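Novice: What follows is the residue order along each chain.
Protein chains: 2
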Amino acid sequence: MAYKTFTKEDYTAILDLINDNDRVLYQDAIQEEYGHDELGGTESLPDVVVLAASTADVSKVMTYAYENNIPVTARGAGTGLVGACVPIEHGILIDISKMDQILELDEDNLTLTVQPGVLLMTIGDYTAEHDLFFPPDPGEKSATIAGNIATNAGGMRAVKYGVTRDFVRELEVVLPTGKVVTFGGKVVKNSSGLDLKDLIIGSEGILGIITKAVLKLLPAPKKVISLLVPFPTLRQAIDTVPEIVRSENVPIAIEFMEQDVILDAEEYLGKKFPDHSADAYLLLRFDGNTDEEVEKAYQPVADLCLKQGAVDVFISDTQEREDSIWKARSAFLEAIKGSTTDMDELDTVVPRSKVNEMVAYFPEVSKEQGIRIKSFGHAGDGNLHAYMLKDDLSEAEFQKRMTKTMELVYEKAHNLGGLVSGEHGIGYAKKRYLKETMDPVNLELMRGIKKTFDPKNILNPNKVFDV
Amino acid sequence: MAYKTFTKEDYTAILDLINDNDRVLYQDAIQEEYGHDELGGTESLPDVVVLAASTADVSKVMTYAYENNIPVTARGAGTGLVGACVPIEHGILIDISKMDQILELDEDNLTLTVQPGVLLMTIGDYTAEHDLFFPPDPGEKSATIAGNIATNAGGMRAVKYGVTRDFVRELEVVLPTGKVVTFGGKVVKNSSGLDLKDLIIGSEGILGIITKAVLKLLPAPKKVISLLVPFPTLRQAIDTVPEIVRSENVPIAIEFMEQDVILDAEEYLGKKFPDHSADAYLLLRFDGNTDEEVEKAYQPVADLCLKQGAVDVFISDTQEREDSIWKARSAFLEAIKGSTTDMDELDTVVPRSKVNEMVAYFPEVSKEQGIRIKSFGHAGDGNLHAYMLKDDLSEAEFQKRMTKTMELVYEKAHNLGGLVSGEHGIGYAKKRYLKETMDPVNLELMRGIKKTFDPKNILNPNKVFDV
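Protein chains in written order, with UniProt numbering: chain V, 1 to 467; chain A, 1 to 467.
Only chain V is shown next, with the shape it has when bound in the complex (with noise of 0.2 Å):
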């Protein structure tokens, strides 16, 4: 696709839509940040930046493009891990981490409507001072809530309450004519027409721009108590899984981490976690309204994680206990990379029932193909990060084997009945294992649904599939 070459008469031309210097990065003033996301990987820069502070600046601004035929791409916090927000075919790069406002609480409704560059965490600590609860609940808090949406992330609280797509109740979008349009409404149930709100969330930023959102909120639980379980080995914890989320008191997250990853971030943090003496670990956390409450929900899972040849189980009974053991949790990302010179990752999910498989297949093609791999993951909702790492290794032999490690970990995901990507998305880097796994059908239609949206095919052009 020949795109137009970007002049300074365009800058000019997009300077003049915006009217503030300050909000138009053009040439060296465009930090190198925005060529790549947080792995990395991907790179390549933008003709323009345009920090966009409002939805009539996105428009005007893509409506120029569409014009003037210029590739567009979105940008949040640039915490991916995909390069979904890199500029690929250069031209405009709109940030809309400064579209950061909090626009409404509506109490009655129980939603909060949001700019798009508000963050996870801004989120998390306004809601809490409401005692209300966004439950999508990600490691990465310094995320956009856009960039969430974009990739309908899952986090750690799936188990019980689903994922990001489950907590957006309206969507307002820029598409890439430049037109705004609303999808979705504040309301409950909707059987009003084809489902376009559902369409936006999950596609990383092909199909419009994100400009403001009506996320769902739900009463806060009063009470969080996590339990660690320490398990004699892998299996016997990934195996008691099943059995969790066929009880009666559902946890809200089922983690699961192996010794490695918790030493490397023991070590990582300076600071002792509650035990790393066994070989594997299920991460189990209950919330509720009441002591009692939440005591009545663990109690029987304890039990059944005894029952199944759980070693011991620490109660997270203290805040304090609580913040450690989450806080090593979400720095495995930053201790693993930690602990090696460049790494590449997947998040490939599979039925719940097949994460045994899928686990113990990690050592064995690390074994078979020469690189070291670790892994953890949300063992409750079959989305596995797996981290391939460079050590020692030339670039272009990590390349090589961490391509080929990637190729068989997916045919696996494949054949257990899993998907590429739980939650961080497809982007650029995992565009061809989206297409080696997926029927041709599906793509085929996912590609005429993006020509109806993108006819010019300008807005993040290159992601997800080629079109």
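One or more hints might be untrue.
Label pairs and their in silico Cβ distance ranges [unchecked claim]:
1. V:LYS223 - A:GLY270: 46 to 52 Å
2. V:ASP439 - A:GLU407: 39 to 45 Å
3. V:TYR126 - A:MET121: 41 to 47 Å
4. A:GLU32 - V:ARG432: 53 to 59 Å
5. A:ASN19 - V:ARG432: 38 to 44 Å
6. V:THR403 - A:SER142: 49 to 55 Å
Hints were generated in silico from the structure; no laboratory data involved.
None of these values were measured; they are calculated from a predicted model.
All C-beta atoms in this analysis are idealised placements derived from N, C-alpha and C, irrespective of residue type, glycine included.
Following the hints, position chain A against chain V.
Specialist: Chain A only, in chain V's frame:
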């Protein structure tokens, strides 16, 4: 759009494909029922009816129709209310009601895999036997699961659990080309490309024919208790709803009803309701695993209702009372139907905070337009069912007044931030109201998606929107 005229040769060709005389109905063998749905109003007979026994049947017939440009409509139990399953353009009607097998209960992944024609009541009985449950709970239990998915049916447990959309993991779909595809997976999280699964849910059979579904189940709560709460006025009853939703123990259902509807139901069932002395009622339902847990949930809500002016709180603490209340609630539609000569309905949905404004509008518009209106509905989720009754009006006069009333009510709902349909869908009957209240840009996107799936516009044409 010019379709091929259906001929004897087409009938013979389809009979060859299905190879079973009893499953291909032609001419006189086509029962009158195939020409309308539960509510009637929209009427048109197909040229041929195929009683599909397998996905292969559906695919073969669809492929033939695609190659020969013959319109196709899918039908389940025919319990719809907006004519979505009526073959407006005649052609082939594929009846999936004989594809009624439960295929798999997967207790590790908590999923139930079903054929499209399985009835909601069958799913209810089957899951109960396994101490599991499928939360969506529309009043019409003899609907098929595919019909429920195609309209994104909501029902009475939506306040706590959500709607059908929230409980579908995977769909097998026959596309208008005849190709068989799978959307989603037996996974809890999914960020792998555009969300085609949610596009099918609520699409009323215009994008594809659902031939298999993997449903998400939950462990069944062991105890259910309902509160019937009389209020002096409807306004007071409904004003109490946001307070209840905001409290820490969310009921599974919050229904409102007025005295006259209760009296209709008593007459229809020949049974007394626990109370019918008040003008208006809230009906609340709570679930949990023990009597204590449920009591702890409802007690503060009962107190809250009394504080807000409730006259009394009746607790259905026996299974018998519980059954009798909900049996009456389920009979409202039939009871209202029985109280008049003919009727039409709407199921608009508004933000929860606007329910009072909406229900206050019904008597106003009723008086103004000279047409009797009865309403009841899901106060907890803003989904209101209103019925316009013909009584002794002439057909022409009824149509005139009813149409005007619908226009006014939909306009009012739109102005309150509401949408045309909460759970019944648009089908054929509500097309113009969707068109009048929806941004033309959204409709254009829907048309583009329809064209991507169904380039010849042969699958359920003339529904939801005009192409």
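Novice: Quick one: which hint numbers does this structure break? Sort them smallest to largest.
Specialist: Checked against the structure, no hint fails, so every one of them is satisfied.
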